Structures are given as C-alpha cells and as structure tokens.
Amino acid sequence: MVNNMREVVVAGIGLTKWGVHPDKECYDLGSEAILSALDDAEMEWKDIQAAFCGSVYQGTGSGHQAIKEVALTGIPIVNVENACSSGGSAFRLAYQMVATGLHDVVLAIGMEKMPKGPIPSTAFRPWELASGFNVQMANYANETVEYMEETGATVEDFALVTVKNRKNGAENPNARFQKPVTVEDVLNSRMAASPLRLFHCCPLADGAGAMILCSTNNVKSPKRAVTVASTVLISGLYGEGSLGGGVSTSLKHTPKRGITQLSAKQAFEEAGYGPGDIQVLQAYDTMAPAELWDIEKLGFCKTGDAPKLIREGHFNIGGKLPVNTDGGLMSRGHPLGATGVGQLCELVTQLRGEAGTRQVKGAKIGMAHAMGAGPNSSVTILKK
Amino acid sequence: MGNDAKKQVRLRDDFWTPDVKGEKPKLLGSKCEACGEYFFPKKEKNWCVYCQTKALTDVTLGREGKLVSYSVVMQQPGGGFYKGPVPYAYGQVDLPEGIRIVTLFEVDNFDDLKVGKDVELVISKLCDNEDNNEVLTFKFRPIN
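Chains A and B, in that order, are what the protein sequence lines are. Counting from 3, one number per residue, gives the positions in the first sequence under our numbering. Counting from 38, one number per residue, gives the positions in the second sequence under our numbering.
One thing to keep in mind: the hints can contain errors.
[Stated by the list, open to error] Straight-line distance between alpha carbons at most 16 Å, and here's what the computed EDC-like set of lysine to aspartate or glutamate pairs gives: (1) 120(B) with 130(A); (2) 151(B) with 145(A); (3) 103(B) with 148(A); (4) 151(B) with 151(A); (5) 151(B) with 130(A); (6) 151(B) with 148(A); (7) 154(B) with 148(A); (8) 79(B) with 130(A); (9) 154(B) with 151(A); (10) 254(A) with 131(B).
Quick caveat, the hints were computed from the structure, so don't treat them as lab data. Quick caveat: nothing in here was measured; it's all calculated off a predicted structure.
Between the sequences and the hints, there should be enough to build the whole structure, so can you do that?
Here is the structure:
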C-alpha cells in the first residue's frame, strides 16, 4: 500500500461465460456481469458510487449502455480504453478512488464483444497496416524468434504452455475451450505465423467481468473479501523494442528494465512482497511462448529458465508456482478489454478458496499481469 | 492501354531517396544533432523523442543491415488493409545507425531467411492499387 492510502478490498466479482455470443450485445454481457457482482458482494446498485468500464472496440459510452440495463442513478461512469490492459486499467482507477477516499464503493468492468469486419487499429500507422505489419501472431512470432535465439527454447516447450493451460481450462466451466490437447495436437495444428502454430495462439472471445471494490468498513461479507496489495500501470518506455507503432527501436538507448519488469518491480515494492511470496500467477499468455518470457520478466526466474521449469511441471496446479489456473487466455479466450478483469476474478476465486477442482491449496497471495498495445503493462497483487 | 508498363507509385513519398539513374536507393531517416539518435521513417516534426530537442536533420541510412527476426505470415491480415501476396514475410533488421526497423522481406524461398544474415535494401512491388497502379515499398533481401 502506498503511504497513507486506505486499504481497498474486492467485495464481489461477476463473470459471464467466455466464448462467442452471437445473440448478445456487449451491454447484455456487461450488465450480466454487474448483476452477478452485486449478488456476490451482497450489495445493491445504490451502494455503487462510481464506475470505470474497460473495453477496446465497443465505441462511444459503452459502459453507460451496460449500466443502463441495471440502473441509472447519476453516478459518474468513465469508459477506459487501454487496449488489452483496459480491464486492468479500469480496476486501477476504481482502486485509486477508494484508496484516496474520494468514493467508498466503486465498480470496475471489463467487457468485449468482438466486432465483425475491418477494424482499423490505431496501434499501427496507415503505412504499417498497408504493409501487413498488423498481424499480432506475426509480431509475437518475431519476439519468439528472438527469445529462441537468446534462450534455446523450442516450439515443443511452447506447446507445453498450451497443454497446461488447456488442461486447466478443462476445469473451468467459464472457459471458451474446455477440452485438453496434447503436444502433438499443438505441433500438428496449422502454421499461423512461423514459428507459431494455431494452437500456440489464444482464441478471441466475447465476455464480461465486473468487480466491486470498497473500503474495509463497507464490506458486507468480510470473510470473502480479498485485499488489493498493489496495482500498477506502466505505459511505454523509449527504446524498448516493439513491432508497430511507427517508431523504430533504438539500440543505443535500451531501457534497463522494460515495461513488464518495471511494472512488476513497482507492484512488488508497493505490496512489500517479492516473487517468492506469490502463490498463484495469472500471466499474459496471448501466445504460448509469451507466458514463458512473461514469467521471467516478472522476476520469477532468470531469462531462459522458464522452459526448463515448465518441462518439470513447476507451473502446474500443484507445482511450485501455478500459472493461469483458469486456463489463461489460451482456454478462456481473449475478450480484449475484459481480459484483465477476467484474470483478477480468477485470482479472487483462488484466494477465497472457491476454485473447486482447479484450486491452488492454501493460496493467499496472487499476481495478475496484462500487456496491451500502446504499449501498456498492468500488474496487480491481491492478498487474502 | 496496350503494353504500356503500369504506373508506379510509392507507398509513402519520403521512405527512400528520389529515383536517380545509376544510383542505388537509400532509406530516408532523421538524425538528432543534439544526441545522435536516428529515426526511421523520417520524423515529420522537428522533435527528438529521445532527448526532446528541436535538432533533427534529414539523413540517408545504410543500405545493409542484419536480420534480427522474421515470421512468415500464412493468412491474410485482418482488416483488409494489406493487399500484397500471401504468404509473406516480415520482421526486424538492425541498421548500422543503431536502430531496429520493421520491414517486409524479399526472397525466392522463405528458407533463405535466417537470423543473423546480412540483408540489403531493395525497392519492390507491394501490390496493385485500385487505380491499377503498382505500389512500391522498401523491403530487405538476404545477401548471398
């Protein structure tokens, strides 16, 4: 906790099923998650004093549309677009309102219904779009090639990430994919952007998550409340390599720590914890290899050690550091603006001990990390 | 129409040097005279994003670099903005000025792409546009 801020807890969470919802609009998904979070927190809408709603492609006032399906009471509603860190960014704003004492009970939402047809991503310049540089699988594939050169990791190692996460997803009734896969399934899936195959990449999904944050004296069910130990957002550092965004990468001014390393360092410092304290981790597995370098960059092991550790089962439920216990993006799917909230809802479920067959025994402290185009890196540590 | 060659247009006018017979094209960039940082493409504003001063000048960049990473894209990118052939390859090249740029690769065979290979600048066709003109862009190809 930062100096004299108030303690903030998560009092309630609500999730929709992740998947393709052709019969539902984004506001249907968002309002479903809000109602479920109110139930979970044992609160009424009149308790909510402000709302922050993360989404990416939902257009003007999307949070208002979702909340309109629940109630309209004049509270401030702010829409947050921060690419795939939108949900995490909305959560952080809700946290700040309660921590500073401006509000006592605040709602954070993440929601997405993937639009059909061309999406002119503003994360790429027009000439980059015309050059075909807006293929996220290929941009990750380039990073993967660099990672393989640096560490000797193999496509088989990356397949193990998919296998682990799909196994976890099979235990999560909300996941888009609930069927386990084998290493052979991954390596026999079609090439998407070399060296990444289709099953190395997460699927998209529609869905929504909502979380109610409040001060300790506003909690209705203290036993189930989970405390926010820290929540950090770092948006872009000069010289850190990225494909797209119109800026060439400086080789002379590479930052000592990239945005992931820096956001984790700040989150640990603010929480007063280190990597050894984290018992469950929701890492950013938009592509299978990214989970491995994410674990390394967050400070859980040295560069190049994660492939060895995944081979040893270190990141399984029951292993030393269970990662992506709900199946991660790989099974849950990636509803862009909702992903950060989805990860945090899984942490809350784990820390409450309510995760059923995928429960990490005795988990009391957890971390979630979501990257986003921009770039953004959002890290949150929760504790019971 | 007959056998007239198609009109050629550039994807962006200021990506590389004007055509001069007998001269090889070079990429155009910006250099900060205060801190020495280079940028590609050329910055439109006279403003160095690294040291935050107004000291940029136009420069040409080295024609050869090193291949850092590549990926062969097997499907049409989303959005319909890219009108070139599929599959196609793009990735990163380090230039001697100390910058890493993203570029398309020109190869007869994708197996010719290898990390660490020396590559050189070529100006090559990206696609035909709606006016049936040939759109040219910069690419890099391995030096054998």
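Quickly compare the C-alpha distance for residue 103(B) and residue 148(A) to 16 Å and report which way the hint goes.
Measuring from Cα to Cα gives roughly 13 Å; hence the hint holds.
Does residue 151(B) pair with residue 130(A) here, judged by a C-alpha cut-off of 16 Å?
It is violated: about 23 Å lies between the C-alpha atoms, which goes past 16 Å.
Tell me if the straight-line CA distance from residue 254(A) to residue 131(B) falls inside 16 Å.
Cα-Cα ~12 Å, so holds.
Check whether the Cα positions of residue 79(B) and residue 130(A) lie no farther apart than 16 Å.
holds (14 Å)
Check the hint pairing residue 154(B) with residue 151(A) against an upper bound of 16 Å on the C-alpha distance.
holds (13 Å)
For the pair supplied as a hint, residue 120(B) and residue 130(A), is the alpha-carbon distance within the 16 Å limit?
Holds, at about 12 Å.
Next pair to validate is residue 154(B) with residue 148(A); report whether the Cα-Cα distance is within 16 Å.
Distance of about 14 Å is within 16 Å: holds.
Are the Cα positions of residue 151(B) and residue 145(A) separated by 16 Å at most?
holds (15 Å)
Given the proposed pairing of residue 151(B) with residue 151(A), does the C-alpha separation stay at or below 16 Å?
At roughly 11 Å apart (the allowed maximum being 16 Å), residue 151(A) and residue 151(B) satisfy the hint.
Can the restraint linking residue 151(B) and residue 148(A) be considered satisfied, given a maximum Cα separation of 16 Å?
It holds: about 12 Å lies between the C-alpha atoms, which stays within 16 Å.
Figure legend: structure checked against the earlier numbered hints; the only hint not met is number 5.
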